[in-house]
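So the protein lines, in turn, are chains A and B.
Quick note on my numbering: the first sequence kicks off at 1 and runs consecutively.
Quick note on my numbering: the second sequence kicks off at 1 and runs consecutively.
Don't take each hint at face value.
[Said to hold, decoys possible] Under 10 angstroms between C-beta atoms, here's a sample of chain B residues computed to sit facing chain A:
| # | residue |
| --- | --- |
| 1 | D50 |
| 2 | Q51 |
| 3 | A95 |
| 4 | L239 |
[Unchecked claim] Below, a list of computed lysine-lysine pairs in the DSSO-like style, where the Cα atoms sit at most 30 angstroms apart:
| # | chain 1 | residue 1 | chain 2 | residue 2 |
| --- | --- | --- | --- | --- |
| 5 | A | K47 | B | K176 |
| 6 | A | K47 | A | K226 |
| 7 | A | K248 | B | K139 |
| 8 | A | K66 | B | K49 |
| 9 | B | K168 | A | K226 |
| 10 | A | K248 | B | K168 |
Rather than coming from a laboratory, the hints here were simulated on the basis of the structure.
All figures in this text were calculated on a predicted structure; none of them were measured in a lab.
Heads up, the beta-carbon is just placed ideally off N, CA and C, and yes, glycines get one too.
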Amino acid sequence: MKREKMHSAKTRRFINNSIVHAVLGVLAVIWVFPIVWVILTSFRAEKGSYVSTFLPKSYTIDNYIKLFTDTTILDFPQMFMNTLFIAVCSCILSTFYVLAVSYCLSRLRFKLRKPYMNMAMILGLFPGFMSMIAVYFILKALGMTEGNLIKLALILVYSGGAALGFQIAKGFFDTIPIAVDEAALLDGCTRWQIFTKITLPLSKPIVIYTTLTAFMGPWLDFIFAKVICRANSDQYTIAIGLWKMLEKEYIDNWYTCFAAGAVLISVPIAALFLYMQRYYVDGLSGAVKG
Amino acid sequence: MRKKALSVLLASLMTAGLAVTGLTGCNNSKDGTESIRLMVWSPQGDQSKDQGEWLQTCCNAFAEEHPEWDITFVYGVADEASSAGQVSQDAQASADVFLYANDNLTTMTDADALAKFGGKYLDEIKASNSETSLASVTKDGEVYGVPFAINTWFMFYDKSVFTEEDVKNLDTMLEKGVVAFPFTNSWYLPAFYFGNGCTLFGDGTDASLGADFGGEKAREVTDYLIDLESNPNFRIDDLGSGIAGLRDGSINAIFSGSWDAGAVQEALGDNMGVAALPTYTLNGEEKQMYSYAGTKAVGVNAQSKYMLPAVELAIFLGNEYSQRLHYELENVVPTHTALLADGDILSNEVVAAINDTFNRTSILQPNLAEMANCWTPVENMGKGIRNGSITHENSAEQTEMMNETMNSDGI
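When you get a sec, could you build the whole thing from the sequences and use the hints?
Written out as structure tokens, the structure reads:
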């Protein structure tokens, strides 16, 4: 009797699990579908933007080769390097800004703390590109809209407002006991040392999170790059390049290369994530010991 | 302490800004020649080594003709469709000379960014262009550019399926082979309406007349389109499906422009045929389809510091030499009357077809601001017919609705 009951519970669990897995499987297929399609298209040998079959009839890696060798019309390697440079610089800068501001707001007490947090909250409610044209004219007044200074301009644009996005990191820092800071202060640590030697090592997950988002923002941005680069094709970022490939003059020739480019831009993000994800686990298990 | 650091930072920023603007402003003349910095924008293709560097070649030839100026050219990339947006966004920081598509003319004149041509320059433009192409860059009686290329769409077909006699009528073609048309694209679809007497702003220049896409004549066309869409030999060309169909043989004719000529040539080889638009049979009568036509033109920035050299360069980029080079290097179809009379150039099928389309089966695309309201309603008409929501039962009211929205300013 008892055994039978157990058996039926087991069966029920099995049925439940099967249903859940079947649903998840279908959802996974639906979700991964477009990505698989882009990857397949990037290896497609037939030209053109439209094909009548889902799977390519023949495969090739020429699309990738063309992307890096056919540079007279769209110079993909240069766009890639431009974007990488801008993204890395603004990633470092804005990660620093975000973490430093979060630390200050979490640990220090000063008069403007509350007003600053309110102001940041309100400013954060507006989309960044609202100020696009104003930003452009300010940069132009500073002479930063021509030549290589455009890279600097973009780095400033991407990292300048970063400090407004402190909420998540501040929330994390708040969970670290102040007692730890006080103990360090008694031992003669400066605020800077507390920040670098105690707070940061204890908050690896949030550091990783901040770095990843700070990298992805400029890496994928289109609208600011478009407004600021204008006709300076040697300063174009990947997003502008990929967009150009879809214009009516180029789309037939470049569509498969566009897919190849779309696959390639995911490489640095994936690499950064794979390298950093082990710290996620480390950081979470670390916390504050005894 | 903190305050001091802040003021030092601000001060250094300001000086840096001043220094940069100061540096770009200097312009010394030496040994009698005037040194000039001209910024020129063109599409990437015109500057690419693979395609013969049309822009650089022409600019260098121009510099040689004018030893009195010591010109430094600064090249930028902006294609004809997007240059207007860039120039009107910030004319001061834009090119002195650029290429634009004539339907963007109003965008730039509204921003006071486009210079008028006058005097001997105007005479030169008038002498080398047909009336239609001159009209395409004229607004309120003023000429705003030097036309250098024809911009329109026409028909590509498979010669092994259709004869030259067949391609004169769309309905004859549909009996013999499969035809694709960009049915849901409002740059193409009005062709049928124009064929049956519909008009936009009178002859395209009088905004007060509005769009006339209503009444019995328009309803007839809508009904024709509904039947056309359900014809088994008709395909809707969308997202490149037409050219893909030519490649695999499932489609025998498409409507597109010179930018697809290379791809069609590759797909059809010797069987590639090019022709102006066909007629279609409406209630037993033959009606001619009319495409939107325009030109691409060289424009001069109204805010240019070096107006005279800029205007001279614009004229040069649109002269016979530059247009011929443009045609030889990139198959750009010229507007220059001397070139269009040239037997060699006219023997090119694509040029002949475009020229024929421009002269016979097209209307000049209006460049009035009101034109902006005319795109979406027509596109919705095409989409409505495709998805079956517009039928013979409601075609009259749907056509009236299209006409109404084309004449309203609302979004």
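To see whether the hints hold, each was checked on the structure:
1. The interface hint given for D50(B) holds, since its Cβ lies 4 angstroms from the closest Cβ of chain A, which is under the 10 angstroms cut-off.
2. For Q51(B), the shortest C-beta to C-beta distance to chain A is roughly 8 angstroms, which falls under 10 angstroms, so the interface hint holds.
3. The closest approach between the C-beta of A95(B) and any C-beta of chain A is roughly 7 angstroms, which is under the 10 angstroms cut-off, so the hint is satisfied.
4. Satisfaction of the interface hint for L239(B) is found here, the shortest Cβ-Cβ separation to chain A being roughly 5 angstroms, below the 10 angstroms cut-off.
5. Pair hint K47(A) plus K176(B) holds up; C-alpha atoms about 27 angstroms apart against a cutoff of 30 angstroms.
6. Using a Cα cut-off of 30 angstroms, the hinted pair K47(A) and K226(A) holds, with the two alpha carbons roughly 28 angstroms apart.
7. Restraint check for K248(A) and K139(B): the C-alpha separation of about 27 angstroms stays at or below 30 angstroms, so the hint holds.
8. The suggested pairing of K66(A) with K49(B) holds, with an alpha-carbon distance near 16 angstroms, which does not exceed 30 angstroms.
9. With a C-alpha separation of about 44 angstroms, the suggested pair K168(B) and K226(A) falls outside the 30 angstroms cut-off, and the hint is violated.
10. With a C-alpha separation of about 27 angstroms, the suggested pair K248(A) and K168(B) falls inside the 30 angstroms cut-off, and the hint holds.
Of the hints listed earlier, the one the structure fails to meet is number 9.
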